[in-house]
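Chemist: Below, each chain spelled out in residue letters.
Number of protein chains: 8
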Amino acid sequence: MDINTLHQILSTVANGSTSINDAVEKLKHLSCEDVGYAHIDHQRSMRKGFPEVIFGEGKTAEHISGIMNKMKVQEKIILVTRLDQDKADIILPEFPEAEYHQDARMLIWKKEEIIKLGKGTIAVLSAGTSDIPVAKEAFLTAESMGNNVKSIFDVGVAGIHRLFKHKHILDQASVIIVVAGMEGALPSVVAGMVSIPVIAVPTSIGYGASFGGLTALFAMLNSCSSNVAVVNIDNGFGAGYMAATINRS
Amino acid sequence: MDINTLHQILSTVANGSTSINDAVEKLKHLSCEDVGYAHIDHQRSMRKGFPEVIFGEGKTAEHISGIMNKMKVQEKIILVTRLDQDKADIILPEFPEAEYHQDARMLIWKKEEIIKLGKGTIAVLSAGTSDIPVAKEAFLTAESMGNNVKSIFDVGVAGIHRLFKHKHILDQASVIIVVAGMEGALPSVVAGMVSIPVIAVPTSIGYGASFGGLTALFAMLNSCSSNVAVVNIDNGFGAGYMAATINRS
Amino acid sequence: MDINTLHQILSTVANGSTSINDAVEKLKHLSCEDVGYAHIDHQRSMRKGFPEVIFGEGKTAEHISGIMNKMKVQEKIILVTRLDQDKADIILPEFPEAEYHQDARMLIWKKEEIIKLGKGTIAVLSAGTSDIPVAKEAFLTAESMGNNVKSIFDVGVAGIHRLFKHKHILDQASVIIVVAGMEGALPSVVAGMVSIPVIAVPTSIGYGASFGGLTALFAMLNSCSSNVAVVNIDNGFGAGYMAATINRS
Amino acid sequence: MDINTLHQILSTVANGSTSINDAVEKLKHLSCEDVGYAHIDHQRSMRKGFPEVIFGEGKTAEHISGIMNKMKVQEKIILVTRLDQDKADIILPEFPEAEYHQDARMLIWKKEEIIKLGKGTIAVLSAGTSDIPVAKEAFLTAESMGNNVKSIFDVGVAGIHRLFKHKHILDQASVIIVVAGMEGALPSVVAGMVSIPVIAVPTSIGYGASFGGLTALFAMLNSCSSNVAVVNIDNGFGAGYMAATINRS
Amino acid sequence: MDINTLHQILSTVANGSTSINDAVEKLKHLSCEDVGYAHIDHQRSMRKGFPEVIFGEGKTAEHISGIMNKMKVQEKIILVTRLDQDKADIILPEFPEAEYHQDARMLIWKKEEIIKLGKGTIAVLSAGTSDIPVAKEAFLTAESMGNNVKSIFDVGVAGIHRLFKHKHILDQASVIIVVAGMEGALPSVVAGMVSIPVIAVPTSIGYGASFGGLTALFAMLNSCSSNVAVVNIDNGFGAGYMAATINRS
Amino acid sequence: MDINTLHQILSTVANGSTSINDAVEKLKHLSCEDVGYAHIDHQRSMRKGFPEVIFGEGKTAEHISGIMNKMKVQEKIILVTRLDQDKADIILPEFPEAEYHQDARMLIWKKEEIIKLGKGTIAVLSAGTSDIPVAKEAFLTAESMGNNVKSIFDVGVAGIHRLFKHKHILDQASVIIVVAGMEGALPSVVAGMVSIPVIAVPTSIGYGASFGGLTALFAMLNSCSSNVAVVNIDNGFGAGYMAATINRS
Amino acid sequence: MDINTLHQILSTVANGSTSINDAVEKLKHLSCEDVGYAHIDHQRSMRKGFPEVIFGEGKTAEHISGIMNKMKVQEKIILVTRLDQDKADIILPEFPEAEYHQDARMLIWKKEEIIKLGKGTIAVLSAGTSDIPVAKEAFLTAESMGNNVKSIFDVGVAGIHRLFKHKHILDQASVIIVVAGMEGALPSVVAGMVSIPVIAVPTSIGYGASFGGLTALFAMLNSCSSNVAVVNIDNGFGAGYMAATINRS
Amino acid sequence: MDINTLHQILSTVANGSTSINDAVEKLKHLSCEDVGYAHIDHQRSMRKGFPEVIFGEGKTAEHISGIMNKMKVQEKIILVTRLDQDKADIILPEFPEAEYHQDARMLIWKKEEIIKLGKGTIAVLSAGTSDIPVAKEAFLTAESMGNNVKSIFDVGVAGIHRLFKHKHILDQASVIIVVAGMEGALPSVVAGMVSIPVIAVPTSIGYGASFGGLTALFAMLNSCSSNVAVVNIDNGFGAGYMAATINRS
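Residue numbers (our numbering), protein chains in the order written: chain A, 1 to 249; chain B, 1001 to 1249; chain C, 2001 to 2249; chain D, 3001 to 3249; chain E, 4001 to 4249; chain F, 5001 to 5249; chain G, 6001 to 6249; chain H, 7001 to 7249.
Hints listed in this document are in silico derivations from the structure and should not be mistaken for laboratory results.
Any given hint could turn out to be false.
Computed footprint of chain D on chain B; a stretch qualifies when at least three of its residues, placed anywhere within it, have a C-beta under 8 Å from a C-beta of chain D [stated by the list, open to error]: (1) 1047-1053; (2) 1150-1157; (3) 1203-1210.
Taking beta-carbon pairs under 8 Å as the criterion, some of the chain D residues facing chain G (in silico) [what the hints assert, rightly or not]: (4) Lys3076; (5) Phe3095; (6) Pro3096; (7) Glu3099; (8) Thr3129; (9) Ser3130; (10) Phe3153; (11) Ile3160; (12) His3161; (13) Ile3205.
For glycine and all other residues, C-beta sits at the position ideal for the given N, C-alpha and C.
Looking at chain A on its own, in the form it has when it is part of the complex (with noise of 0.2 Å):
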């Protein structure tokens, strides 16, 4: 529940056109819900601007649905993060209108259309092929959040100069989100060429010594330019969560 939800509510109780018990129905859980196999955090909203977010692995479909039930009645959005078509096929008749997009293992649940919050634009790039799975992750976190996004993708530093036709999207961005597995060098060069903050996302991308992405993280920890932070290993929702309270701001 949002902050503005819960005022129009106290209004409608204040003008007596909701009644007492209505409004407790409506307000009882709104610390947190307790479902028996999760504390649903319905004050979420009001704290941090978005609602809880559904990590989809390790859950079941039916848990899923249960707590998007719950949530439905309180949120004007839920995302599920890491959903794989299976349990997608089980869901997605019960809400007929989530969307779910497979590439990025994301289903979105709007009840509206999401206002736009974000006062620039932020650009998701990718470094290979292979890193647009997370990259799109990214790119739909930071739309459902009410953003202007934009994408490059395939841009690695192994041919840089794909890159530096690009340039104008850059110097328009207000946030950057840098996705690349392998030697994860793209954020440093990236970053070297802007003055705003770069997130760099580190994918599980590569064989061998990139020991699913570990080698990517450190060489994004270790970057030679300042402007940039890390989030975990193909942690594309995590970026597009960043970049989009950075955006905010």
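Since the structure of chain A is already known, use the hints to place chains B, C, D, E, F, G and H on it.
Modeler: Below, chains B, C, D, E, F, G and H alone, put in the same frame as chain A:
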């Protein structure tokens, strides 16, 4: 050299108050200047909004002096990080306007007062007393880049009520830097309480399974709060820099 | 065989109600019994207050059945941990009194009701929904060993107010088990609030730099709260067992 | 400040023997006291049954003195751990009642005799001679927290008969602390012999593949005996503290 | 081809009972034979006292058959290790004298009875039931190389009395192989009881911080008993082979 | 597009035999071509002497086909590496001139015969039979880039005489690629025998402490022979490519 | 005390030449002797054929002297390993018969000449010049335990012909110790040439990806030759001890 | 001794100008010379085109002098790497023709001017100022082996325009050595711009998650450019050596 200075020089050329020869002299190292042991990146102020910062570790006092002397001609502020007292003692007499901060191991030289560029306040928190040097480095960096900065030290999760006492500072900040060693839990707790971006800085404080800060680093990358991004271990400078770019956007 | 049973057998020998031959038969495997693929440690109940527990992973259903049949003769309770549904389906028909708990992957066979031995209450907390299976294993183990156990699930530090709501349970417990994956921060926060022993259980929940639970493990070992000790990743059984020995002391 | 002291102050206020102003003075830092470089957690005695302990590493002698002077006003006992002889030599003259234990690198200041709170005896074992400093830290911590403590040193598994000679001490203990480096096998063997909780402390003793104690740590976490929980490498203090909370319960 | 066979062939050439052409045919691959996908090292029997052993993992059943057919001509025994049931099912019909041991994943083909070459007895111990497959591989290898071998399974340190029951076997052995997973403590305890060489084999049995056998490996390398040397994780074959070379010397 | 082709097109424009519009059509993607999921780097042939190579892992058969169709227009050869049989079966019908090499998991499409560019011979060695797939990938890559290549398989250090038999091949080579798993010792021995560059390729063959090739990788990086440089684990392609650039120089 | 000495004492008691009181005095510490900081294992000579060896690292010169004085009464030989020159300088005056070997950091005290117990010769090889100190420790240990020992130093694989020159020593040995740092390849090559047991000792010689000897350790554990077992990094003592037990068998 | 020298000696023997005894004296150590602490590999010049290089670390100044004196008789050039100033000060007076390079920690002794053997130019790049010592070691090694070498220092990816300024040097080189610490991104970018072989050298420059150069090493092994091979951390010598063998081919 920042963009304002460049504008100014070119204007004086345009109105004839500066001769072409003098302007050439001033601008000839605009891209970068090769001093044998370094390529000083004078273009950086224009490109990134802040001049190159000198990483003091592994450079001799003579090299640092040499680079500072070249930069002085073009820049309004010079930061030297990770500078030991020994080297500072050699450098300071040559740059009497410079200030050395022993706990943060940082030297700051300013041509003039720093103009406030940041829109909000940056809060710097440390989990323990031993994390203070890293927190101070973040503090001084952010301040040098034109920001209002506030600090709260020694508010780790073993006595979480100490943090709650200062909640109003968190509520008024636009970016928060959280510095913690050992289990690195503080950023998650702080980020769970606010809607703004949190920059987490792991420190090498701890022993045994703290692995010189790796445990804190990994804990922060796994934060269950999503508005967190991470910089390298003990990288107070990077955190301050990143926070400044966010606060400027 | 527990000490009471031994006393009882020897008394009946003393008063002549059991023949020496019968007693020999009952006691001959008192130390341990070699069944080829295992040395069943029948002495363990006497030595440690609880019979050997069968670790199901890497044993065939036939071997598990075989060991259970030997133990049934001597013990009042048998636990099988890390038992997959497939093997459980083979074993259950042969032991109709046994109960299988799918989420905890645990099978419990009891000859009679368990006597309460623990002096206080053991509280089992989980940080997330996905940590519940490990928490359940701890719960069932502690309960099987004769303790009152209470559980609070999904109260991680991203919304720490959810934990505070249940503070009375923490205050009334004599030992607390805290189960958490990802950054593993919950045990530090909980232990900072209480004066009793906290057993921390890292789980393999997470991805990327969570390293299958290592990050949580190391974070817990570095806890800035001192009333914390740690067991192996996903070792709900060990945590329950340890908590029971503490509650019994 | 412990709960008894608080009761006492409030009683004297109630019966008029203490003025309100005096009581305010005594109680105003009840929650925590900010001395710039530290937030001293005076509430900890009440919340956790033992005052905050000063971790000496990475703090100057001056800071340690400063914190001790603040704590002296409120507490009956102060422990400083990981304190080098050099710093102890600076601190001791100011606190003549304090005792410094060089092998354990620990300083103990007491206002009065420690009251025995523990119900049973805590046994502290070391596998080798080189593990003794860590074992001593555990010993002194547990003793300072009001426990009877017994020690057996140098009884590692290369000559396991040395341990068996002392079996009666194990049988009479209520908690056992086992300190071992190298392969860290001793806790498993000890825990296999008893039914009480065993706290295992890995030490950094060893070389090559001992990895500064990591091998011992991991071995202990994998103990095939279930009544074992583990603390950080060389964390004798934590083991003593945890054992004390168990013995108090 | 072993040295006796070579002597024999040359004798028959000398006494005219074998033609030179026939001898050439038999001896021409004496050094090694190139079959495209392998250089079969026929000289190995002479050089090392035992023919090359076929590592089954990562080879097709066809390649294994092909190598076996070449070796059959020259050798009296062929071992194939790490051979899955599937491949064994393809190979066995072609080599009806071969025996497949499913638990040890080993195929043994013998031209004639193995002659006892070892001077003493080799004892093979396993810490747990799940370590038996690796122990069996060691057992079969040592036996195939002409040794008397005895085994004791499931005598881990959690109930060390089970081991003491079999002390006479240890006392009569000339080499001991100890197979253990988890904390890998058994070799230290065994080696502390005897004066003969102990070959320690870590297994990948365990979970969490057992790291697929690394913890056991490192523990064994750090053994506080000095008559211990270690082979690779799960390398029962290598342990059996090493023990055989020791027992032969 | 290689430099010769570009010259040719421009000549035909110069002499009027190609219209400007046609030339534009041919040259418009000279820098790179954006197909949504990839930025195909057509300039690479000119810049690097060989077209972009398609890394098959993590791309759909459709995407690979799509990229191949775009490249076909501009390039004389296309390599697809790490391509599974399944995807090859989908792609091959569309490109009947392409050849699929199952062991090397490589697809090669050629417009015309490859011209020999390499000055000497490249020798490819493998230590074991299981290392052959990686060695084949190196072989095919070097051959596709216009080199004479010779191979010697299964000549590891356990029977070093097998290698000496082939010394003449080493003596006549201009570059040597050595592929080895397990302890990765072969490159050191080979490099110690020759004066030419040796490219070492670690493979993931092995188990236990081979860590999926890391041990071989680190051993090769520590080679006591100095004419050795190393590529990533299982990177036969990279080794072939590097050897080709050396042989071309 | 070794078994012969025990026999002798008891005989003199039997024939009355030693009083019972005197015998008690001599035998009372037969099991082990507690000197506060150590449990000296006097039974070890009988159990293991060689007295306890004093690990000098982390013990004070005073403690070492103390233990030596107790052992002198019962043993014919005392070894102190990892003893720095500084401590040796304190200890030597008190034990004038002792010899200190600086390169091996070893002190040897002998009551009488060592009797040759080993049946064959032990060969000690080092790969490089820097590995000699560890090789010397192995040499002296094996020699002290009653063996003929030969050494060949600096015969690493970068010039493998240096090793072949000494093949006759390998052929005449009954056990070989191979000491190597960096890539640790020498044991594989040596073991491939002989049929006897090879004890491999990794050393911490190297830099970068040698990880203080870990790379050599892992390479040796992955040896493609099967007659290799491994001891801890830099553990020359353990290798000499193990070789002696093999040579005695 | 190089092949020309050998030819020359044999010719003088053939024409009688050298007596057989004198020739024997000169040639008797042709294979290798055993000086107790080292087997000097005099054959190396012939076999590998360059004499053995002395690794100074872990050798005494006396040993280094001794080896140099033996080599002087046979070789035209001697390199000593990783030699500290202290040892150099002892060695230099004895070899007045030798030159010591402090930054590269390298001593070079030459009998005569070095003949240029390399066909092209070798370019040595460093990413930062702190990487210069390693780059210098590469520079001096390649130069000593008879190559033209050019260097460009401090052109890391944080200001990539600094590199582009020097593109003509890259275009004219036949091999490029790229030295970089921290995130190790420079080799990928450079290799993406050229078609010649690139030797990447990670350095230990950095802190925190740079792990003493491991991050740079792994990043380089994962380079998305294929004309890159890698040497050990800080191994400037190896890079120079490898580049020289490539440039000679």
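Chemist: So, for every hint listed, does it hold in this structure?
Modeler: Structure-based check of each hint:
For the segment 1047-1053 of chain B, the assignment as covered by chain D is violated, since 0 residues bring a beta-carbon within under 8 Å of that chain's beta-carbons and 3 are needed. Counting residues of the segment 1150-1157 of chain B whose CB lies closer than 8 Å to any CB of chain D gives 3, so the stated coverage by that chain holds, three being the minimum. Counting residues of the segment 1203-1210 of chain B whose CB lies closer than 8 Å to any CB of chain D gives 5, so the stated coverage by that chain holds, three being the minimum. Taking 8 Å as the C-beta contact cut-off toward chain G, the hint placing Lys3076 of chain D at the interface is violated, the least distance being around 31 Å.
Checking Phe3095 of chain D against chain G by beta carbon gives a least distance of about 28 Å; that is not within 8 Å, so the hint is violated. For Pro3096 of chain D, the interface hint is violated, the least distance from its beta-carbon to any beta-carbon of chain G being 29 Å, above 8 Å. Contact between Glu3099 of chain D and chain G, as hinted, is not supported at the beta carbon level, the nearest pair being about 20 Å apart and thus beyond 8 Å. A distance limit of 8 Å between C-beta atoms decides the matter here; for Thr3129 of chain D the minimum to chain G is near 5 Å, and the interface restraint holds.
About 4 Å separates the beta-carbon of Ser3130 of chain D from the nearest beta-carbon of chain G, less than 8 Å, and the hint is met. With a cut of 8 Å, the hint placing Phe3153 of chain D at the interface with chain G holds, because the nearest CB-to-CB distance is about 7 Å. Of the supplied interface hints, the one on Ile3160 of chain D is violated, with its beta-carbon coming no nearer than about 10 Å to a beta-carbon of chain G, more than 8 Å. Here the hint on His3161 of chain D is kept, as its CB sits about 6 Å from the closest CB of chain G, short of 8 Å.
Taken as an interface hint, Ile3205 of chain D checks out: its beta carbon lies about 6 Å from the nearest beta carbon of chain G, inside 8 Å.
Hint violations for this structure: numbers 1, 4, 5, 6, 7, 11, all remaining hints satisfied.
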